[in-house]
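Novice: All chains should be built: construct the whole structure from the sequences, respecting the hints.
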Amino acid sequence: MSALDITPFKVSIPASELKLLKTKLETSRLPNQLADCQWGEANGVTLNFMRETVQFWINEYDWRQEEEKINQMPQFKTHIDGGEFGSFDVHFIHMTSNVKEAIPLLFLHGWPGSFIEVQKILTPLTSAGFHVVAPSLPGYGFSSYTNKAGFKFFHHADIMHKLMTKLGYQNVKAIHMNMLIMQPPELTEQPAYSEFELASFARAQWFKDTQSAYQQMHSSRPRTLGFAMHDSPVGALAWMADKLLAWSDSYAWTPTEIITWTLLHYFPGPTAALQMYRENMPPELQIPPEQLQGNFVAAPTGVSAFAKELVIVPRSWAEKENNIAFWAEHPKGGHFAAYERPEELSTDVITFLKSNWKA
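Just so we're aligned: 264 in the UniProt record's numbering is position 264 of the sequence shown, and the numbers increase by one with no gaps anywhere.
One should not assume that every hint holds.
Said to hold, decoys possible - Simulated DEER-style distance windows between Cβ atoms: (1) 149 to 204: 22 to 32 Å; (2) 19 to 185: 15 to 25 Å; (3) 127 to 172: 18 to 28 Å; (4) 184 to 12: 46 to 56 Å; (5) 195 to 250: 15 to 25 Å; (6) 177 to 8: 27 to 37 Å; (7) 96 to 157: 20 to 30 Å; (8) 316 to 257: 35 to 45 Å; (9) 7 to 99: 21 to 31 Å.
These are computed hints drawn from the structure, not numbers from a lab. None of these values were measured; they are calculated from a predicted model. Cβ atoms here follow ideal geometry from the backbone N, Cα and C, with glycine treated the same way.
Specialist: The following block contains the structure:
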């Protein structure tokens with residue numbers, strides 16, 4: 001693969017799309033059948049929230065201003081060969097450091113996030129000596145997807161590996177994550193779990209009982225949901241905001257932030273990002289064990305555990321399948337750590353990699 005086809009990229013939504021968006025917003029209908037129901041937020045986003053946010057969207061929100069902020073980040077596109085799945089047009093941020101012998105860092109987002117999650121930690125990381133690469137995963141944002149079934153997590157990983165080698169970064173030498181998922185190990189006796197770990201179990205149970213139905217929808221009927229979100233900006237807002245508000249830890253989301261996060265799915269189209277669940281999870285809402293249990297991960301692994309993350313496994317579990325070289329627990333922070341708690345996360349990443357990176 002040649003690096004010659006790496007081209008600068010700027011987000012530029014056509015004026016015609018913005019005009020159509022405003023028309024859809026101005027003609028939207030909000031349901032009021034359950035406006036005063038006794039369940040309140042347990043039923044999802046409220047009518048008051050939606051009414052106020054849509055009115056803000058119509059009267060005050062400025063996409064061009066947000067677009068300008070996004071375009072301050074150095075963005076690029078390139079073609080990556082996906083083998084049997086065809087060629088992928090991959091969008092990514094690549095912000096390099098002026099520090100000698102800087103460490104390359106691949107930042108990966110999830111759903112309902114996007115590349116914008118890296119926005120608050122770019123400068124701290126590059127200033128500390130990191131070259132940061134933050135792609136839009138295939139099917140997300142401004143990266144293309146495949147029309148062939150069977151595109152699994154490890155195929156995503158292959159695309160990301162090829163992107164990094166194309167940029168001149170050859171090997172994975174360490175891993176850091178803030179949501180480590182694994183099957184419970186076989187235990188001969190019950191460990192003495194800490195208060196943090198017991199609270200994490202309760203949080204995971206809350207997520208399973210009250211928040212995880214979206215996974216079943218995404219993994220069973222993604223295209224059906226995609227039609228609704230693709231055509232209706234208000235519908236997309238409701239689906240996205242519901243998760244942003246519930247999965248964060250009292251983060252003071254502004255209407256502008258929620259709308260921008262929504263539009264980064266709405267403008268390119270949300271359906272392919274939903275399809276990832278269909279490809280990797282069966283309809284019965286369980287990631288196949290073979291995707292969670294495998295060989296021991298020998299690369300030094302760092303974990304930042306935030307108290308309101310959706311799933312946090314105990315360190316004793318993680319050590320059975322990972323070479324845990326760094327572990328930090330934080331009393332505040334939810335699912336969107338890079339956005340909610342950028343200082344804590346960037347400090348953890350810097351501390352971990354400065355100690356475990358070997359050229």
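Novice: Against the range 15 to 25 Å, how does the distance between the Cβ atoms of residue 19 and residue 185 compare: consistent or not?
Specialist: violated (55 Å)
Novice: Taking the Cβ atom of residue 184 and the Cβ atom of residue 12, is their distance within the range 46 to 56 Å?
Specialist: holds (47 Å)
Novice: For the pair residue 177 and residue 8, does the Cβ-Cβ distance stay inside 27 to 37 Å?
Specialist: At roughly 30 Å between Cβ atoms, residue 8 and residue 177 fall inside 27 to 37 Å, so the hint holds.
Novice: Falls inside 21 to 31 Å, the C-beta gap from residue 7 to residue 99?
Specialist: Roughly 26 Å apart at Cβ, these two residues keep to the hinted range, so it holds.
Novice: So does residue 316 sit 35 to 45 Å from residue 257, Cβ to Cβ?
Specialist: Taking Cβ atoms as reference, residue 316 and residue 257 lie about 36 Å apart, which means the hint holds.
Novice: For the pair residue 195 and residue 250, does the Cβ-Cβ distance stay inside 15 to 25 Å?
Specialist: holds (19 Å)
Novice: So does residue 127 sit 18 to 28 Å from residue 172, Cβ to Cβ?
Specialist: Holds, at about 23 Å.
Novice: Quick check: does the Cβ-Cβ distance between residue 96 and residue 157 fall within 20 to 30 Å?
Specialist: holds (23 Å)
Novice: At the C-beta level, are residue 149 and residue 204 separated by a distance inside 22 to 32 Å?
Specialist: holds (30 Å)
Checked against the numbered hints given earlier, the structure breaks only hint 2 and satisfies all the rest.
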